[in-house]
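Colleague: Chains as they are written, first to last, in the working numbering: chain A, 20 to 362; chain B, 20 to 362.
It is possible that part of the hints are untrue.
When chains are identical, the list treats them as one kind, so a pair holds in a single copy or across two.
[As the list claims (entries may be wrong)] In silico DSS-like cross-links for lysine-lysine, where the CA-CA straight-line distance does not exceed 30 Å:
| # | residue 1 | residue 2 |
| --- | --- | --- |
| 1 | LYS135 | LYS37 |
| 2 | LYS222 | LYS269 |
| 3 | LYS64 | LYS173 |
| 4 | LYS206 | LYS252 |
| 5 | LYS359 | LYS124 |
It should be emphasised that the hints constitute simulated quantities derived from the structure, not laboratory data.
Each chain is listed here by its residues.
Number of protein chains: 2
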Amino acid sequence: MLLEQIAGNQEALAENHKIQINLVGAADSRRMMFNPRGLDPHTVKSILKLEPEESEPVNIQAFIEKIKTLNLPNAAFCDCTASDDVAAAYDAILRAAIPVITPNKRALSAPLQYYKTLKDLSRDQGVPFLYETTVCAALPVISTIRDLTLAGDKVRRIQAVLSGTLSFIFNNFDGTKPFSALVRDAKAQGYTEPDPRDDLNAKDAARKALILARECGMNLEFSSIVIEDILPKSCLDAPSVDAFFAELEKCDAAFEARRSAAAAAGKALRYIAIIEDGAAKLSLQEESAESPFLSLAGSENIVVITSDRYATMPLVIKGPGAGAEVTAGGVFSDIIRAAKTLV
Amino acid sequence: MLLEQIAGNQEALAENHKIQINLVGAADSRRMMFNPRGLDPHTVKSILKLEPEESEPVNIQAFIEKIKTLNLPNAAFCDCTASDDVAAAYDAILRAAIPVITPNKRALSAPLQYYKTLKDLSRDQGVPFLYETTVCAALPVISTIRDLTLAGDKVRRIQAVLSGTLSFIFNNFDGTKPFSALVRDAKAQGYTEPDPRDDLNAKDAARKALILARECGMNLEFSSIVIEDILPKSCLDAPSVDAFFAELEKCDAAFEARRSAAAAAGKALRYIAIIEDGAAKLSLQEESAESPFLSLAGSENIVVITSDRYATMPLVIKGPGAGAEVTAGGVFSDIIRAAKTLV
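Here chain A stands alone, though its shape is the one from the complex:
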């Protein structure tokens, strides 16, 4: 998707904005290829897949060495994997003064020491390290926090719904359907991982909360994020997805009791990350009608930022926090941002 967007806009960017994007290397999970004069972003994917004589076996160390050897001015590295191995190479890449752009959460939610190494390398060498799309896809969340912080504001609290899946499930949990049926709906509509527990365990949302907390200057580790389990142990331990759903159905009455108790008080359940006072916690909250979280629809994400300057009225950003097209667009924006800094 990113390659298609680059292909479709390379000319307009060069002509209208004097920004020249040149794809000089590419890799998928098996092969990699290079051409300092430029690869065609239209065709590179299928060449990697179908024309082994044009490429070589992929190897992240060799990939980095190749970029360094090419020694092109204004090179940038873009990682669109979810790989730990690639994330582990960012320090070497930044050390070579090559910007890193990524939607991959691994490095950003890695142990604090590695995170700090990357941030320090980026800052000390003035090399862009851009990862807007690690949280809420292309919604301008990270850049906003960074702008506020750089300009001397202090973020005091972030409240956020960071999981599209959990947003969808709780936005639609209105008593018309049992909880387990909503999870089945979410799965059927492609909102969940193959095993919905990979969303319902809120680990991915917690990783995003960690990234936001760190962006605000908090020295947190993933292990210190407090995650309130949505599911009881019986569901988590179920040996298969079918067994999980069978267990979940047994919990429908308990979920409904919690929902209707909230509804009786004019409230609704939302699974919210709260980052405040140096800590981050994700939990099921009862929100009243005027809460910004009650305005969520579909699988929308929302981030509510309270700071010294946004003290009485918060800054709110809302919208789709996932999806190939918006995410690719956000990565592309970060590439352009890096290009502008380098020109």
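Model the placement of chain B on the given structure of chain A, informed by the hints.
Modeller: Relative to chain A, chain B alone:
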């Protein structure tokens, strides 16, 4: 406020982010002064006011000549006035390859030809021209539209409440008070200009709509923006603020009739800018409960962006769209952004 924010963060920016901000020239509406080694942002305002031997009479041409003569690397010009004269000098400043940063709407809502000249100068020379705070103060609206557009997305529709005053009045128009009383409240709480008609005529909101439309690539002039009058002619023609309020009270019944008709259909009135299909229009709309505009509180602004990529779920940005502190913070962010591009 901006000077205080710079003063308070100069050290941290230099130490933690290697961004050196040096104030080398300053002017108020009467005097201007320079020091290539740096002016103290803490004291410069009072020196301009109280120590005429340190400064000279202000003159925008002389100010620009002085910056050019100093020929400092990475100079930037920041206009925090609302002056047409200063805005008219941006072309000369950009032509000298000096970035312009401003919350002043004048140049951005000037005749299209001047707007285009400035945008072309900025692009052709790679000189930042940054004006995030001309619309909704520091809310990340302009930068988001710019990011989307640069990365090949196409904004299809913007719906927005761009006036804090009109937001406050209509958010609180719930039948408990007559319309004229709400306008009096808004004035008493400092939400309006001395003459509230300067807000109620929606000209300022229309100027912001024009800036957004142009950012989306529409070649619009201010005269082509359609503004639905909120007030009848009798109110607009009233010779004084007191006379205006007397006239407005006569209209209370009509406003209430319109409100209660909407309320009977489960709707509420909001004054909304809609930018779509190459045109921009501001009008009083009846919004239903699920509308994002019904979630507005206080004097909040909101911008709802629908694009090719944000097609089914829009991107929503909401929060305070005015205020000295957030606006200064946004201008400061733009200064830092320019600095990063220049380094």
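Colleague: Hint by hint, note whether the structure agrees.
Modeller: Checked hints:
When the C-alpha separation of LYS135 and LYS37 is checked against a cutoff of 30 Å, the pair qualifies only between copies, where the shortest distance is 16 Å, while the shortest distance within a copy is 34 Å. For the identical chains of this complex, LYS222 and LYS269 are intra-copy neighbours only, at 23 Å inside a copy versus 60 Å across copies, given an alpha-carbon limit of 30 Å. When the C-alpha separation of LYS64 and LYS173 is checked against a cutoff of 30 Å, the pair qualifies only between copies, where the shortest distance is 25 Å, while the shortest distance within a copy is 44 Å. In this assembly of identical chains, LYS206 and LYS252 lie within 30 Å of each other by CA distance solely inside one copy; the values are 20 Å within and 57 Å between copies.
With identical chains, the CA atoms of LYS359 and LYS124 are at most 30 Å apart both within one copy (24 Å) and between copies (25 Å).
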